[in-house]
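Protein chains in written order, with the working numbering: chain A, 1 to 379; chain B, 1 to 379; chain C, 1 to 328; chain D, 1 to 328.
What you were told as hints is all true, and nothing was included just to trick you.
Listed below are the simulated PhoX-like cross-link pairs for lysine-lysine, each with C-alpha atoms no more than 25 Å apart in a straight line: (1) B:K165 <-> D:K109; (2) D:K109 <-> B:K138; (3) A:K165 <-> C:K109; (4) C:K24 <-> C:K47; (5) C:K107 <-> A:K138; (6) B:K312 <-> B:K26; (7) A:K305 <-> A:K315; (8) B:K165 <-> D:K24; (9) D:K107 <-> B:K138; (10) D:K34 <-> A:K296; (11) C:K109 <-> A:K138; (12) C:K24 <-> A:K138; (13) C:K109 <-> C:K24.
Keep in mind that the hints were calculated from the coordinates and are not lab data.
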Amino acid sequence: MAKGGSDAGTDVPAGGFVQLLTPDGKRIDSVTTADGTTYSVDFTDEEYRDLYRDLVTVRRLDAEAVALQRQGELGIWASLLGQEAAQVGSGRALRPQDMAFPTYREHGVLYCRGIDPIMPFGLFRGVDQGGWDPNEFKFNTYTIVIGAQTLHATGYAMGVTMDGKTGSPDGEAVIAYFGDGATSQGEVNESFVWSGVFNAPIVFFCQNNQYAISEPLERQTRVPLYQRAGGYGFPGIRVDGNDVLATYAVTRAALDNARNGQGPTLIEAYTYRMGAHTSSDDPTRYRIASEVESWKAKDPISRLKAFLTKEKIAKDDFFTEVDDTAKKQALDLRERVLAMPDPQPVTLFDNVYPNGSGELDDQRRAFTDYQASFEGSGH
Amino acid sequence: MAKGGSDAGTDVPAGGFVQLLTPDGKRIDSVTTADGTTYSVDFTDEEYRDLYRDLVTVRRLDAEAVALQRQGELGIWASLLGQEAAQVGSGRALRPQDMAFPTYREHGVLYCRGIDPIMPFGLFRGVDQGGWDPNEFKFNTYTIVIGAQTLHATGYAMGVTMDGKTGSPDGEAVIAYFGDGATSQGEVNESFVWSGVFNAPIVFFCQNNQYAISEPLERQTRVPLYQRAGGYGFPGIRVDGNDVLATYAVTRAALDNARNGQGPTLIEAYTYRMGAHTSSDDPTRYRIASEVESWKAKDPISRLKAFLTKEKIAKDDFFTEVDDTAKKQALDLRERVLAMPDPQPVTLFDNVYPNGSGELDDQRRAFTDYQASFEGSGH
Amino acid sequence: MAETITLGKALNHGLRRALENDSKVVIMGEDVGKLGGVFRITDGLQKDFGEDRVIDTPLAEAGIIGTAVGLAIRGYRPVCEIQFDGFVFPAYNQIVAQVAKMHYRSKGKLRLPIVIRIPYGGGIGAVEHHSESPEAYFAHTPGLKVVTCSNPADAYWMIQQSILSDDPIIFFEPKRRYWEKGEVDLSAPLSEAFPLHAARVARPGTDATVLAYGPMVRVALDAASAAAEDGRNLEVIDLRTLSPVDYPVIFESVRRTGRAVVVHEAPGNLGMGAELAARITEECFYSLEAPVLRVAGYDTPYPAARLEEEYLPDLDRVLDAVDRSFGW
Amino acid sequence: MAETITLGKALNHGLRRALENDSKVVIMGEDVGKLGGVFRITDGLQKDFGEDRVIDTPLAEAGIIGTAVGLAIRGYRPVCEIQFDGFVFPAYNQIVAQVAKMHYRSKGKLRLPIVIRIPYGGGIGAVEHHSESPEAYFAHTPGLKVVTCSNPADAYWMIQQSILSDDPIIFFEPKRRYWEKGEVDLSAPLSEAFPLHAARVARPGTDATVLAYGPMVRVALDAASAAAEDGRNLEVIDLRTLSPVDYPVIFESVRRTGRAVVVHEAPGNLGMGAELAARITEECFYSLEAPVLRVAGYDTPYPAARLEEEYLPDLDRVLDAVDRSFGW
Ligand SMILES: Cc1ncc(C[n+]2csc(CCOP(=O)(O)OP(=O)(O)O)c2C)c(N)n1
Ligand SMILES: Cc1ncc(C[n+]2csc(CCOP(=O)(O)OP(=O)(O)O)c2C)c(N)n1
Ligand SMILES: [Mg+2]
Ligand SMILES: [Mg+2]
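With the hints as constraints, model all of the structure from the sequences given.
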């Protein structure tokens, strides 16, 4: 495993990771890993600026959601703060035909898929439970039960192979997102078994943000997570998840291997959850401020900004414009969230079965009559 | 991974395994694996003969069970034919204080624990479901749900550590038995996670008999199973499961590491299920005779016999005596199985709850009255 | 041209026809390939349709159902085989938290046409975990439909109807009846088959209603024949669909007979009989001459094989319940 | 010296006392350590009893229960926390196929004194999987005992009694009541506590019997108060134990009142209300003025938070059922 840039320095975990942009904004041309794979990016200035815009935008929208939750407009929110590079890097690495299976935290990936960022807010506001069509957006509904989606992604990927959609550069690939804690779930390990056996065109993208709610990584494993893959017969690689360039390069390569018929890859994106697990959580109970501080120094956005500045790819006016635009999007999002209508009570009976159920229709009818009995009764 | 004896020859799987006794009965003094561990045995002639007796006895008792099933005296039987060395080698490697968690096939391990071989016959005859005390025999009840026992073994091993019974040569160790198919079960992989995280004093003993009922190994993995361990932070090693000496040496070392506080080991005992999965199975539907033939040449008993003969450790009269004694034991076993009484109907209500249940007592009473109502009615 | 075949063979024919009619139908499970399943229900299908259509899976039930969900999202119609009733539980999380809920979660935008076949019930002298009746665990779960067949003809048609349905369906197969024969018109059009989610009066009667399903229908019918000799005319209803239950047929019958007895192998406590008794009493309160009585497995784990004869409802226990109903 | 504390704090005190009284008692679960659990039920316990007694586990429910089985075989008394109702299903296989059966399998030679704590029920505005009531899935399983508390005093005593019991017990905690206060005499002797597997008349009455448990007891009591204003005197029974159910108390009450209404959050179909209705009808047939009526969650997946008010039984729906009972 490559140690990243020679002066990547103290931020490199034991076992190393792929890094193409150091915390202080120094770009590394290319990194070659132990297995001889070389990773690099050649973005135009425009593309670098776009990546920066993505990072700033998803962070700003996330901040707006945190605020909305504090103001009681959302029941709960799972913030991606600190994981922007992992999500934008992997999200932008996806090709249009690729399918993504998120957890409940992949708002940044959703944004990079070109989806209206308001889509998941119904779930967090409590007006629905997702309610979108995974196939329309090539982005599955958020999965809350830890790990369950990794098997869905594996099955979908088996279907891609059965459809003959692998083995060429324009083949389809699948990406399954999950966290460090999820690696302990039996179902996640089963998805490794199946993907290996069926050589499924899938990328397992694990955002190791160091915590499963309050539990630090050592409650899940005593060796680096990327090493889990070898025992199932496919490669595992660790990338600096706060480095959008490296994350992009590593994910793009893994996805292309998958679409070309070379099977699964496990990517461990080494990052940090800067905020609380969710708005219901109080991280001060289980981690110390200095740890959070040390990770501030590895911030994914500031390092890209430093690079853009140093390389004169962008100037202050650009940064200001990006902030302003993101703010406008955030305010627009806020307005639309506030305008979300509450669901009609009777809709709770809808969509239980594609073909319906007479029993349930009776319950719906009784419910409607019962509701009607209160009309005008002041209820 | 050691390739075993230089002339271990064609029976060695890709990736190799530890072998101390070749199929043609040549003993290898010692084998040193890639990680520098050296395996060897120094048995007295007496001990070699005892091992031979064990192998012959467990095979003979198993054959008797197969016959009993054919004659309708057992509902079903899971034969260990072909796996005698894996079970005797690991079973004899256990120290008295060690705890074993079997599947439904570990009759040979049970025998080596000094347990009356009739103990599991109640289950296969259908008069009970095991009915023994795991702690009395340091041998858990047979577990039929694939993989479930690996978590029980892990929890038990955590308890050993909590009791302060590790970290010395007379510490306690735990062994969990399971098959190649079981390695795909989420629960088995979770037991790897837990054992790594808690550094449990456990040996995962996987008898890779090449099949999960009809499914060959490649339906479970595309890389050797012993490699699974590395991703969980503990060593994995493959041993010739038809070589009782190597199996003993490797298991004994792993158990002693565990009792000394060095944590888990995964052992893949590479062997073959010579018979049907169970008496209900018809292997001719899914495997060819030539494959079975090729494994006959690797028979665990004939290779030890060849060694004992060549080294003049035993002569014909010994081999005859062993066969005769085993036969006597088998006939004695048969008689006692035939004498097993059917359970009293009302006992089906016993032992549902340690503290009982008034509701169930009512059902028992109603049942007894109902049964009584047929007295003399010719029912 | 009706043929006389076993229930197991009828399922095999039904699966074959489903594979022929829709290339999106795939069968997956443990040992369903070369072996044809431990009960041979998928016998010959992999040979004829290939390893992509009839998939021998790793030994992991959560994996079978979880990947089936992904295949369904991809547009396939997976038919999953769980080898025995007692081995469905590793998949329980995927079934109740995912299969049952994704249509609701997606506001109806996602459909999961998954069929989960489960051989269930006792009476075959098996070891632990091979004789259970877990239907209530699934019928209590909104979002799942649950059906079970009792004879070869129903087996043949209901498995095809289930695969054709866009609802996720748990399909319980009465394993001890796999070898029982019956007439099936294999070439009749599916469209003319008796509806999937409908109960059927298996034997019309006037004096009391016996409700049964799956393996217990035969027992109920035998009890009815025996009762007839004592001049009691029992109506036997084969529920066929356990969720939703086809109540109108049941209510009509019980209002006529005034007495009802429910029979199933599963433990009585919170078994199907509980819901049936509660609903029947709500709807037919003034018609009931006696409370709805239940003949079920006792509230113990499924016992050792040599005790199952006492554990399982049989003709005598059904008649005893009928007697008690009349004696009320 | 009785203190006024919340139900959550009462559980915390009860767990602390159990840890103090028996060194074999261990608490295990996700985030039960430093965090004290997402509901703080284990707050401070790891600090005082150490990481071997209060174990933060890997994120794997099957692992939590499966290793608890092994610890129990070793002689420990594990108290497992499942973080939310909807996350118990990965452990379902270990619970129904192992925890529930090993005593039976071993002919009584093995005891598994395991307590599985599950915060359950809705009303907290949560996202999917955080508001479910899966009690029937466990009550239908022989070999398990199932209990649930409705107030701080019961919470304090019942958790200790459950840990002391050698039976495997599923302990359901009404999460929306964690913050409700009540009087608890923390220093009273456990031996004098109300028995674990007994129902309690929470409010004596004469006109109809309302059966409730866990979070719905408060709703039932409020309904009774409201009914009293209309001159109807409802008896409210807090079931407390769901398997086995303490039927004598219930039958005695219904025979007196002639009417019964069961209230629970779980879907009605095959919920606890089904078994209660069936049993009550069997035992009190001639005393019933009306069928046993059920007020329950509808047979849909638990809906989005902004619909749960309509989904959950409330005072009005209970009164409506009481009215219907009287109107029968
Ligand atoms: C099966 C299951 N168990 C428990 C939970 C409760 N829970 C929600 S998030 C979480 C921690 C997840 O940690 P990780 O996988 O690292 O993802 P992260 O939240 O850190 O992104 C837990 C335990 C759940 N959602 N599902
Ligand atoms: C959870 C579960 N699923 C399915 C089965 C049915 N079954 C019994 S043995 C077996 C194959 C086991 O293969 P393996 O683990 O290799 O052990 P072996 O029988 O070869 O020793 C299967 C699928 C089971 N017992 N448990
Ligand atoms: Mg995490
Ligand atoms: Mg095997």
